[in-house]
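Engineer: Starting from the known structure of chain A, fit chains B, C, D, E, F, G and H with the ligands onto it as the hints suggest.
These protein sequences, in sequence, are chains A, B, C, D, E, F, G and H. Using my numbering, the first residue of the first sequence is number 75, and each one after it goes up by one. Using my numbering, the first residue of the second sequence is number 75, and each one after it goes up by one. Using my numbering, the first residue of the third sequence is number 52, and each one after it goes up by one. Using my numbering, the first residue of the fourth sequence is number 52, and each one after it goes up by one. Using my numbering, the first residue of the fifth sequence is number 268, and each one after it goes up by one. Using my numbering, the first residue of the sixth sequence is number 268, and each one after it goes up by one. Using my numbering, the first residue of the seventh sequence is number 12, and each one after it goes up by one. Using my numbering, the first residue of the eighth sequence is number 12, and each one after it goes up by one.
If you are wondering where the hints come from, they were derived from the structure by calculation, not from laboratory data. Check each hint, because a few of them may be wrong.
To give an idea of the interface, some chain F residues facing chain D are shown, with a C-beta separation under 7 Å as derived from the structure [claimed, not checked]:
| id | residue |
| --- | --- |
| 1 | Ile312 |
| 2 | Gln332 |
| 3 | Arg350 |
Here are some chain E residues the structure puts well away from chain D; computed CB gaps all over 10 Å [to be verified]:
| id | residue |
| --- | --- |
| 4 | Asp280 |
| 5 | Glu304 |
| 6 | Ile369 |
| 7 | Gln413 |
| 8 | Gln418 |
| 9 | Lys449 |
| 10 | Lys459 |
| 11 | Thr463 |
| 12 | Lys466 |
| 13 | Lys468 |
| 14 | Met486 |
| 15 | Thr487 |
| 16 | Asp490 |
| 17 | Glu496 |
| 18 | Asn498 |
| 19 | Gly506 |
A short, non-exhaustive set of chain C residues, derived as facing chain H with CB atoms under 7 Å [what the hints assert, rightly or not]:
| id | residue |
| --- | --- |
| 20 | Met227 |
| 21 | Glu228 |
| 22 | Ile312 |
These numbers come from a predicted model, not from an experiment. Quick reminder that beta carbons are idealized off the backbone N, C-alpha and C, glycines included.
So you can see what is in the structure, the chains are spelled out below.
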Amino acid sequence: MPKGKVYFEEDMCKGCSLCVSFCPQHILYQDKTTINKSGYNIIRVSEPEKCIGCAFCAMMCPDSVIKVEVDK
Amino acid sequence: MPKGKVYFEEDMCKGCSLCVSFCPQHILYQDKTTINKSGYNIIRVSEPEKCIGCAFCAMMCPDSVIKVEVDK
Amino acid sequence: MAKVLMKGNEAIAVAALKGGVDAFFGYPITPQNEIPEYLSKHLLAAGKVFVQAESEVAAINMVYGAAGAGARVMTSSSSPGIALKQEGISYIAGAELPCVIVSVMRGGPGLGGIQPSQADYYQATRGGGNGDYQLIVYAPETIQETIDIMKESFDIADYYRNPVLVLVDGLIGQMMETVDFEKPVKKRFIPAKDYATTGTANHPGRNIVNSLFLDPVELEQHNLQLQKKYQQIKNNETKYEMINMENPEYVIVAYGTMSRICRSAIESLKEEGIEVGMIRPISLWPYPKAAFNEIPSGVKGILCAEMSMGQMLDDVMISDKGRHEIGFYGRVGGMVPEPEEIVDAIKNFKDKVVK
Amino acid sequence: MAKVLMKGNEAIAVAALKGGVDAFFGYPITPQNEIPEYLSKHLLAAGKVFVQAESEVAAINMVYGAAGAGARVMTSSSSPGIALKQEGISYIAGAELPCVIVSVMRGGPGLGGIQPSQADYYQATRGGGNGDYQLIVYAPETIQETIDIMKESFDIADYYRNPVLVLVDGLIGQMMETVDFEKPVKKRFIPAKDYATTGTANHPGRNIVNSLFLDPVELEQHNLQLQKKYQQIKNNETKYEMINMENPEYVIVAYGTMSRICRSAIESLKEEGIEVGMIRPISLWPYPKAAFNEIPSGVKGILCAEMSMGQMLDDVMISDKGRHEIGFYGRVGGMVPEPEEIVDAIKNFKDKVVK
Amino acid sequence: MEVKYQKTKGLTDKKLSYCPGCTHGIVHKLVGETLEELGMIGDAIGVASVGCSVFSYEFFNCDMQQAPHGRACAEATGIKRVRPDNIVFTYQGDGDLASIGIAETIHAANRGENITVIFINNAIYGMTGGQMAPTTLIGQRTTTSQDGRNQVLTGSPIKISEIFSQIDGVAYLERVSVTNPKQLIKAKKAIKKAFTYQKEKRGFTLIEVLSTCPVNWGMTPVDALKWVESNMVPVFPLGVFKDAGEKNV
Amino acid sequence: MEVKYQKTKGLTDKKLSYCPGCTHGIVHKLVGETLEELGMIGDAIGVASVGCSVFSYEFFNCDMQQAPHGRACAEATGIKRVRPDNIVFTYQGDGDLASIGIAETIHAANRGENITVIFINNAIYGMTGGQMAPTTLIGQRTTTSQDGRNQVLTGSPIKISEIFSQIDGVAYLERVSVTNPKQLIKAKKAIKKAFTYQKEKRGFTLIEVLSTCPVNWGMTPVDALKWVESNMVPVFPLGVFKDAGEKNV
Amino acid sequence: MFDHVNIKVAGFGGQGVMMFGQLIAYSAAYEELFGLWFPSYGPETRGGTANCSVIVSKKQINSPVFQSANHLIAFNLPSLQKFHDKMKDGGLILYNSSLIKDQVTSDKAICIGIPINDIATDLGSIQVSNIVMMGAYLELTNLFVESTIEKVLIKYLGEKKAHMLDINMEALRKGREYVLEAGVTYA
Amino acid sequence: MFDHVNIKVAGFGGQGVMMFGQLIAYSAAYEELFGLWFPSYGPETRGGTANCSVIVSKKQINSPVFQSANHLIAFNLPSLQKFHDKMKDGGLILYNSSLIKDQVTSDKAICIGIPINDIATDLGSIQVSNIVMMGAYLELTNLFVESTIEKVLIKYLGEKKAHMLDINMEALRKGREYVLEAGVTYA
Ligand SMILES: Cc1ncc(C[n+]2csc(CCOP(=O)(O)OP(=O)(O)O)c2C)c(N)n1
Ligand SMILES: Cc1ncc(C[n+]2csc(CCOP(=O)(O)OP(=O)(O)O)c2C)c(N)n1
Ligand code: SF4
Ligand code: SF4
Ligand code: SF4
Ligand code: SF4
Ligand code: SF4
Ligand code: SF4
Ligand SMILES: [Mg+2]
Ligand SMILES: [Mg+2]
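Next comes chain A alone, as it looks inside the complex:
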């Protein structure tokens, strides 16, 4: 399995959860306790090590919040 890493530009996130829903590894979740400056709950990675760098999360994110890096 390739290894990936995801970065969130938090203040751009609108908490829509599309990334959460399309992550095949089910490692993203919405943090209901934290809101960004627009008032939305932000997204966190539960088990970063499981990320395969597929970028499905980033592709489905309407607001270009997510950057994905992968090991070569």
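Structural biologist: Chains B, C, D, E, F, G and H with the ligands in isolation, oriented as in the chain A frame:
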């Protein structure tokens, strides 16, 4: 052959010659010497006895100038 | 229903139903969407007609058709949408058909904005349609007055066979106020619509709805007849209110939401010992020119206040005929002035004078 | 080309080519069809752009796009067609783009007729588009003057980034007169079109053509900037002619074909010993208000003469500020008055006075 | 002797305003005869559009409204919605329907408005003196395509029947011609079917009639009919494009 | 580590104005990426329409014009005719394109205007608060069809791709969705093809994107995507409706 | 010559009414006079009748419309009836006596009938009947020098119809001849 | 009670700002007072923030707009910042202390923070945080009699949301209680 008779409401005629052109008996012609009150040359029947009452002339006349009667 | 709290747009819809509307044709646009939304539900439920048209152009022409066929018809829209209806409106006026058009003004020009404005005064009173025609234009200041006018408008339209345009700014459309729907309005005797195209089986002769007169002699006759009607409307349907006009130092002219803001300003000024009167046109066409003849002597100037860069100003100047200095105060683009601004404008009248 | 005989519409097309038009977008309508017909042939032959749009609405929006992209663009139409362009015109004015619009007026309202008229004065000067915007409106009286104005209009439009509307009645469009295309017109320095959308590869930054300002503060600012520009245009581009104004008994105000008819009437009246002057507005917006300050004392009244039921009359009243009695004479629907009618109107001025 | 053919009561006595030999007149007769034969004259409300047929309100012997250019279907919608039991039809040219009025026509069709549209495709703007229409053939000379319609600059003739065949609300759709008595009889059948479907409340019906404009084509009326057959029919094939049959009832 | 995915240079840094989870944002990215990958950013002139995407002139990182409601294709025509070597595209909603703007869109297509249209079909008027669109599904509740869209009164959802497939000037026409990464990749391919065809001057290209409006549909963004798959796709089948291929070159 | 003439030309569509008027206006321009032509377009154009107005003047033309004409050229009876009474004193009414069989009279104008259809038919082309009328008109009024109308005709016909020049010139001549032979004059 | 109050309500979209304002206006109507509500719709609505204005008066309301408010209800920090300075003397600022952690002060108004998110979350529904605020607001101002707001709430929720009435009433109570317990008052 059935026998027909055609009547022209002369002042309504615009001299377009469609009736002339669609008469299968070729018995209609435009009288270049006579104009009606709108300034158009009117149509005359050359050999009335040849009329078969097909009403092609009347059907094709855009201005409803022609009435056709046929023998029962 | 006694007193209820209701949004202006919804109140317009309810009042239209009370005014006997048979059919609504319109196209969505902010800030008037609650009108079609309400009517879509209630007209269809009552077995009447609601059609969301494909565009404002289509909507106004559906109005044309339905009005020609004898129905009580209305449409509603906002600034750019009313612009698109201009050709159709000219046809309806030309064919002498009745209908009610509600125009909820937003900021312009172009796409502009969606906040309240009064910058479509020209559009309503001078039109962009072609030819010499007139709409009857009413500009209420409260939701209550909007309701009363809406109810009466269908009768007025039918009576004169002329479109009536009810002109409000977005604030009246969007705000909620306590209102009473049962206030009685003037009743008129409406003759049968013997001009309506209902099929020759249903009336003598052939009915034709038309605005085309290729023969200039006929077209001129037609225009003269329209003018005669317009004169009659001027005589009968001019509406305005005079406020605090006993002995004012200045007179404000304002309509719609602006006149309410000016009422507050007039109260503040009174407290400071400055008496200011107001002419409040309710009908923008016919314009209450005669009101200007009643301005008491000694008035130092007239302040025209609008949420525009100065459109009614034309009618103020025409009506005043050079008798007073005329000042102007306007805010635009969705900026709604506060009473304090009007107070200041009166206090600094000299700076506001238009050359 | 020295003096040649040419139809007004064709002359407009030729003058547009001389004015440097890059692109024409329009839709057929009588009585202006010779304009697109001529341009379809000659623009394409010159490698420029001619598109017969699917409608007037489409045409004005093609104009919008092409003007935004930096081209010299024009359209032409007639009364109901101009009505349909109102929304687009408001956008173009709002986005501050230059273009030239030719309006050849026919009788209205509605489908009306196809004979000459001046009943679209409101449409041209007050518009039916939404918001506070202005077109620069010129109304020439001869084909020669139409040519000169057409040639200059493209420069004026570019200079102020504002649409120019050239307003003629159908008679000017349809008649033929002897004209001279080489008459020189004023030249202006036109700055580069650094606002044009030509691709970011071709200019610094990103260019955006837009009339939307959802924030009312911004929209108000935008409007104030437009007003500043309009003031500048008022100062620089007001055009009018004073005729026989030494010591007139009456003053006529008339434009376009009507002013020519009045010229003949003035000559006849002179023969009868009645001196009548004329203010001839050439720019209808900005309106030559100042001309009314130059009316000599002793004038008994002002006669506004139009081929309409009285539209410029508003501006006459606004400009005169109540200093004179104002009379009106109008014919409509394609009826073109003869000089004798104007002579009569002056002789019976009292009957013509508007209340 | 008995009368085999005479002027229909579906038309008034007014002299038609069309040029000599223009097929507008023929189609008027077909519509008038249909109204008469189906007993619809008293119930019909027609909508005249802007084009040479602008005066059709003087010719069809029923109640009529005159619509702004292109808006006949919107106007007809307004009428039909408030008078659902009347027979409502429009009569529109190709400039009117296919150019400026295509939005109103498509949406009336898409809503399935229960009206009948008679669409006169003569490949030109007749009324205004012969400008290019969206239906003008490639290479055809008009006053705004003086070297012949150029495909690269202006596209190809628009095919209304083909396009409308894709719209669910359409109940009946046929393209016909009136170039000879045989075609004319077919055309009349189509028009009758359209009005009958309307009576049966099946939805939107449209009959596209390939038509002539001898004056602006610069041909004799007879040659114009031949030109329809040899030049227009290949581009605009005749036939039924949609017949919802019983489905829409 | 290397970057596998990041925000495209085809979009500006401005925060999008769309509601959370609205697919307008996804399609913006696809267009932005296409412009970037094809090296077109500097040549592109986009036309923003009126709808939720009215502000797209703030988001696409190229020159932009904002068009009156429905008139984007007319405006684009004006631009393209005077700047034939630029890349011109419009971005329009279903209210904008299929309702008020259908005439301008059809005629741009029919003229074969060499432009690309991105058509966002979300079966509703988003911007104005959820009124019925011509693409609204039968039974779908909107603020102007509160009991669900009624077929008898309002007709059926209009099928833009099917209709435009009948127009000669169209070079490429595909209906796509963005309901999952796989569909999204397909959608991007379609958009790229359309822009490539434009570059090659093949004519009019249109990509219809089935899209969501979670807010006005009253669904979560995730449910909205599922609704597209289960309710919209059956009515609006995905696929290539026209590919003129080499023919139009 | 005249300082200012108002001319009305009227007839059926197809009789060359507009062309007649335009030829006069072109001739005016050619002789560096002021010329103005305008058509009455309107309901009648499609119905079959047409008319136009022409003004020829030595000075700038003000009003493009006039109440009464100096010259009326009537190609058919309805036109004659329509404009017969709108003449200036000392005017000229020239009419097509092929279609208007009764002698025309007027207390304001000299009335002269020209059988233009017959003359043109004799020439082999009914099309040029308007040019026959032009010949008669110019012979009677001397409005322009001889050569002007020929130059204007050449330009008007253009390359495409250049082959028609001869018959047109012939028609002009026949019109002039008819007037000369009939011995009618108009001051 | 007051003769005339200007109230500004502001917060994120979704916090129930518009509903809060409308409930007050409905209550005014219910008590046969004059009530006026208007939303600020515009660029901010989609961006995430929302605000509305309410006027309650014993007499006919003239100007629908006001420069300064008697009461400001701020559901988040940006709203507080935007309207903080536009208060009348002796005003009341009620703010959401769950999101605005710093103590708010004003030289014109009494400032009271209510941790509405926390209280509502405790109640099991963040949705009713605006009603918690309403409870606090009514307790402080006594704008309407006790029973009014309940009647208005019943009508507002309608049949579809009737099941939500209990939790809303509970939220109202909690809001009131918080104020009472905190011992804050506003004349
Ligand atoms: C809004 C508007 N635009 C343009 C016109 C001018 N106009 C009149 S008829 C016509 C075209 C008619 O062509 P078509 O519909 O094909 O009918 P036809 O005359 O060929 O039968 C046009 C453009 C008009 N009257 N109104
Ligand atoms: C002429 C005109 N009519 C109406 C409007 C109002 N309006 C703005 S957006 C819109 C509909 C947008 O719907 P759609 O195109 O489907 O875009 P979406 O918001 O769904 O993305 C309307 C009707 C307008 N701005 N201008
Ligand atoms: S890159 Fe793939 S695995 Fe990693 S978080 Fe995103 S969707 Fe999940
Ligand atoms: S998809 Fe993007 S905007 Fe939506 S929750 Fe994930 S990161 Fe936030
Ligand atoms: S009825 Fe037939 S045969 Fe008789 S004249 Fe007419 S076309 Fe000829
Ligand atoms: S078809 Fe009719 S109009 Fe034509 S020539 Fe024959 S009778 Fe006359
Ligand atoms: S112009 Fe053409 S379409 Fe119109 S009536 Fe004449 S021939 Fe028929
Ligand atoms: S209203 Fe609908 S379409 Fe518009 S941005 Fe919000 S979710 Fe998207
Ligand atoms: Mg046609
Ligand atoms: Mg949409």
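Engineer: Are the hints correct? Go through all of them and say.
Structural biologist: Here is what the structure says about each hint:
1. For Ile312 (chain F), the shortest C-beta to C-beta distance to chain D is roughly 5 Å, which falls under 7 Å, so the interface hint holds.
2. Among the interface hints, the one on Gln332 (chain F) holds; its C-beta lies about 4 Å from the nearest C-beta in chain D, closer than the 7 Å criterion.
3. This hint holds: Arg350 (chain F) has a C-beta 5 Å from the nearest C-beta of chain D, less than the 7 Å allowed.
4. Non-interface call for Asp280 (chain E) relative to chain D: holds, since the shortest CB-CB distance, roughly 24 Å, exceeds 10 Å.
5. With a least CB separation of 31 Å from chain D, Glu304 (chain E) remains clear of the 10 Å interface cut-off, as annotated.
6. The Cβ of Ile369 (chain E) does not lie farther than 10 Å from every Cβ of chain D; its closest approach is about 7 Å, which violates its non-interface assignment.
7. Listed as outside the interface, Gln413 (chain E) is inconsistent with that label: its C-beta sits roughly 5 Å from the nearest C-beta of chain D, within the 10 Å cut-off.
8. Every CB of chain D lies more than 10 Å from the CB of Gln418 (chain E), the least distance being 14 Å, so the non-interface label holds.
9. Separation of Lys449 (chain E) from chain D is adequate, the least Cβ-Cβ distance of about 35 Å exceeding the 10 Å criterion.
10. The claim that Lys459 (chain E) lies off the interface holds: its Cβ sits roughly 31 Å from the closest Cβ of chain D, which is beyond the 10 Å cut-off.
11. The beta carbon of Thr463 (chain E) is kept farther than 10 Å from every beta carbon of chain D, the shortest such distance being approximately 32 Å.
12. No beta-carbon of chain D is positioned within 10 Å of the beta-carbon of Lys466 (chain E); the least distance is around 30 Å.
13. For Lys468 (chain E), the requirement that its beta carbon stay farther than 10 Å from each beta carbon of chain D is met, with the minimum near 31 Å.
14. Taking the minimum C-beta to C-beta distance to chain D, about 20 Å, the non-interface status of Met486 (chain E) holds against the 10 Å cut.
15. With a minimum CB-CB distance of about 24 Å to chain D, Thr487 (chain E) clears the 10 Å threshold, and the non-interface call stands.
16. Against the 10 Å criterion, Asp490 (chain E) stays outside the reach of chain D, whose nearest CB is about 24 Å from its own CB.
17. Every CB of chain D lies more than 10 Å from the CB of Glu496 (chain E), the least distance being 27 Å, so the non-interface label holds.
18. Annotated as non-interface, Asn498 (chain E) keeps its C-beta farther than 10 Å from every C-beta of chain D; the closest such distance is 21 Å.
19. Here Gly506 (chain E) stays apart from chain D, with its beta-carbon at least about 26 Å from theirs, past the 10 Å limit.
20. Look at Met227 (chain C): its Cβ gets to within about 4 Å of chain H, closer than 7 Å, so that hint holds up.
21. At about 5 Å, the closest approach between the beta carbon of Glu228 (chain C) and any beta carbon in chain H falls short of 7 Å, and the interface hint on this residue holds.
22. The interface hint given for Ile312 (chain C) holds, since its Cβ lies 4 Å from the closest Cβ of chain H, which is under the 7 Å cut-off.
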